[in-house]
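Undergrad: So the chains spell out like this:
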Amino acid sequence: MKHVNVRFFAAFREAAGVSEADIATSAETLADLYGELRLKYGFALKEGQVKASRNLQFASLEETIQSGDRIVFLPPVAGG
Amino acid sequence: MKHVNVRFFAAFREAAGVSEADIATSAETLADLYGELRLKYGFALKEGQVKASRNLQFASLEETIQSGDRIVFLPPVAGG
Amino acid sequence: MSFSLSPTAIDSPVLGGDLSAGASVSFVGRVRNVNEGRSVTALEYEAFDELAATEGMRIVEEAVRRFSIVHACCRHRVGKLALGEAAIHVEVLSGHRDEAFNACRWIVDEVKARVPIWKKEYYEDGVSEWLVPGG
Amino acid sequence: MSFSLSPTAIDSPVLGGDLSAGASVSFVGRVRNVNEGRSVTALEYEAFDELAATEGMRIVEEAVRRFSIVHACCRHRVGKLALGEAAIHVEVLSGHRDEAFNACRWIVDEVKARVPIWKKEYYEDGVSEWLVPGG
Numbered sequence: 001m002k003h004v005n006v007r008f009f010a011a012f013r014e015a016a017g018v019s020e021a022d023i024a025t026s027a028e029t030l031a032d033l034y035g036e037l038r039l040k041y042g043f044a045l046k047e048g049q050v051k052a053s054r055n056l057q058f059a060s061l062e063e064t065i066q067s068g069d070r071i072v073f074l075p076p077v078a079g080g
Numbered sequence: 001m002k003h004v005n006v007r008f009f010a011a012f013r014e015a016a017g018v019s020e021a022d023i024a025t026s027a028e029t030l031a032d033l034y035g036e037l038r039l040k041y042g043f044a045l046k047e048g049q050v051k052a053s054r055n056l057q058f059a060s061l062e063e064t065i066q067s068g069d070r071i072v073f074l075p076p077v078a079g080g
Numbered sequence: 001m002s003f004s005l006s007p008t009a010i011d012s013p014v015l016g017g018d019l020s021a022g023a024s025v026s027f028v029g030r031v032r033n034v035n036e037g038r039s040v041t042a043l044e045y046e047a048f049d050e051l052a053a054t055e056g057m058r059i060v061e062e063a064v065r066r067f068s069i070v071h072a073c074c075r076h077r078v079g080k081l082a083l084g085e086a087a088i089h090v091e092v093l094s095g096h097r098d099e100a101f102n103a104c105r106w107i108v109d110e111v112k113a114r115v116p117i118w119k120k121e122y123y124e125d126g127v128s129e130w131l132v133p134g135g
Numbered sequence: 001m002s003f004s005l006s007p008t009a010i011d012s013p014v015l016g017g018d019l020s021a022g023a024s025v026s027f028v029g030r031v032r033n034v035n036e037g038r039s040v041t042a043l044e045y046e047a048f049d050e051l052a053a054t055e056g057m058r059i060v061e062e063a064v065r066r067f068s069i070v071h072a073c074c075r076h077r078v079g080k081l082a083l084g085e086a087a088i089h090v091e092v093l094s095g096h097r098d099e100a101f102n103a104c105r106w107i108v109d110e111v112k113a114r115v116p117i118w119k120k121e122y123y124e125d126g127v128s129e130w131l132v133p134g135g
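Protein sequences appear in the order of chains F, Z, H and G.
At position 6 of the first sequence (counting the first as 1) the number is 6 in the working numbering, and the numbers step up by one without a gap.
At position 39 of the second sequence (counting the first as 1) the number is 39 in the working numbering, and the numbers step up by one without a gap.
At position 103 of the third sequence (counting the first as 1) the number is 103 in the working numbering, and the numbers step up by one without a gap.
At position 46 of the fourth sequence (counting the first as 1) the number is 46 in the working numbering, and the numbers step up by one without a gap.
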């Protein structure tokens, strides 16, 4: 099991009911982890609509996660 | 002879040495009048570089002038 | 609508003191009372602060290189906004107006497309929702 | 260069109170210290006031119709200007940013091309001259 920190923003924050969570997971990649969280919290967005950040950088969903990672999944941005 | 009022701006004002003049002329058109003034004051600009205003409206240089007209010849504009 | 000739100084806030910079273009986007036909009563912006700051700065610096402008800055509002309040302000200073207009427009577009900021709209009927552009 | 997230109101002077207008673009053109390689020390603008006012207003009104914008205004300075002083200020308010950028740019271009205002440049070497664009 890997232990990662996940922060939630906007629609994800509201669906999860929390701003962040320490999560134990067997997911290989960010995409795998998003799949797990989507099931757990009922996120509406499909994997194809989501981007990710790992350790405060943009990250591909194909990236492998490691224990200690600080992860954020990003709904489509809507600033401006 | 026609009697018209001519105002001068910018390079024309400096070349003429006055801001306006009441002029008696036998010129038919604005172009003719510009030709007269160009000779009289030594304006550097050729007729093709100049536009005109007659009675506070833009006017074609082909327009016929009449006594009482208020005329301005316009060097190429350079605002902004 | 107005046009006026001013014999006295035009008070216009412009960036910086670089006297080779002759053009300043600024953009303000503010909260409208309507979006796609629905009556909006308020907006809320939420940002992933750390990444938004990094990516926003990257955009501004990229604009300076790409358009050879002298200066650029961008502010984006977060939190809850009333109608008419400014959501984003971009200001660009450059030698000539071409680059100033192009760079300002580019920064606005890139910030909308790249910076992790999300918008929730509150509607007159009591409903609210996080917008999903293209979703 | 800067980018910031602001949790408090962004103070940005925008035109009017029309809450359907979400975008404001403004342009300031100011006196540069150099033009076509010559060191400029000051500028002077002279206008044929009556016709400049008429033609300037025509441009602003034409912009409103042509770009379907909400509001536009333009101020042009006359008299002698020091380096860094604003020569022209255009501000446009519209529903969306596309028209706001296009209309603002168009107004600046049209004012330069059509309004009877003339510019004299004063150079470091003591010479001064009335500019003849394209001449």
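Worth flagging that the hints you see were computed from the coordinates, not collected in a lab.
It should be emphasised that the depicted structure is a prediction, and the values quoted were computed from it without experimental measurement.
Incorrect hints may have been included.
[Claimed, not checked] Derived, one-sided and incomplete: chain H residues facing chain F with beta-carbon distance under 7 Å: (1) G29; (2) R32; (3) V34; (4) F48; (5) L51; (6) I88; (7) I117; (8) K119; (9) V132.
Idealized CB from N, CA, C, for every residue including glycine.
Undergrad: If you take the shortest Cβ to Cβ gap from L51/H to chain F, is it below 7 Å?
TA: L51/H check passes; min Cβ-Cβ to chain F is 5 Å, inside 7 Å.
Undergrad: Close enough to count: is the Cβ of K119/H nearer than 7 Å to one in chain F?
TA: Nearest chain F Cβ about 4 Å off; hint holds.
Undergrad: Given G29/H as an interface hint, is the shortest Cβ-Cβ distance to chain F below 7 Å?
TA: holds, 6 Å
Undergrad: Can we keep the R32/H interface hint, with Cβ of chain F closer than 7 Å?
TA: violated, 12 Å
Undergrad: Please check whether V34/H passes as an interface residue: C-beta within 7 Å of a C-beta belonging to chain F.
TA: violated, 17 Å
Undergrad: Does the CB of I117/H sit less than 7 Å away from some CB of chain F?
TA: Constraint on I117/H satisfied, holds at 3 Å.
Undergrad: Using Cβ atoms only, decide whether I88/H comes closer than 7 Å to chain F, and label the hint accordingly.
TA: Given a least distance of 5 Å, the restraint on I88/H holds.
Undergrad: Double-check F48/H for me: the hint is only fine if its C-beta lies closer than 7 Å to a C-beta in chain F.
TA: Interface hint status for F48/H: holds (5 Å vs cutoff 7 Å).
Undergrad: Mind checking the CB of V132/H against every CB in chain F and telling me if the closest is under 7 Å?
TA: holds, 5 Å
Taken one by one, the earlier hints fail for this structure at numbers 2 and 3, listed in ascending order.
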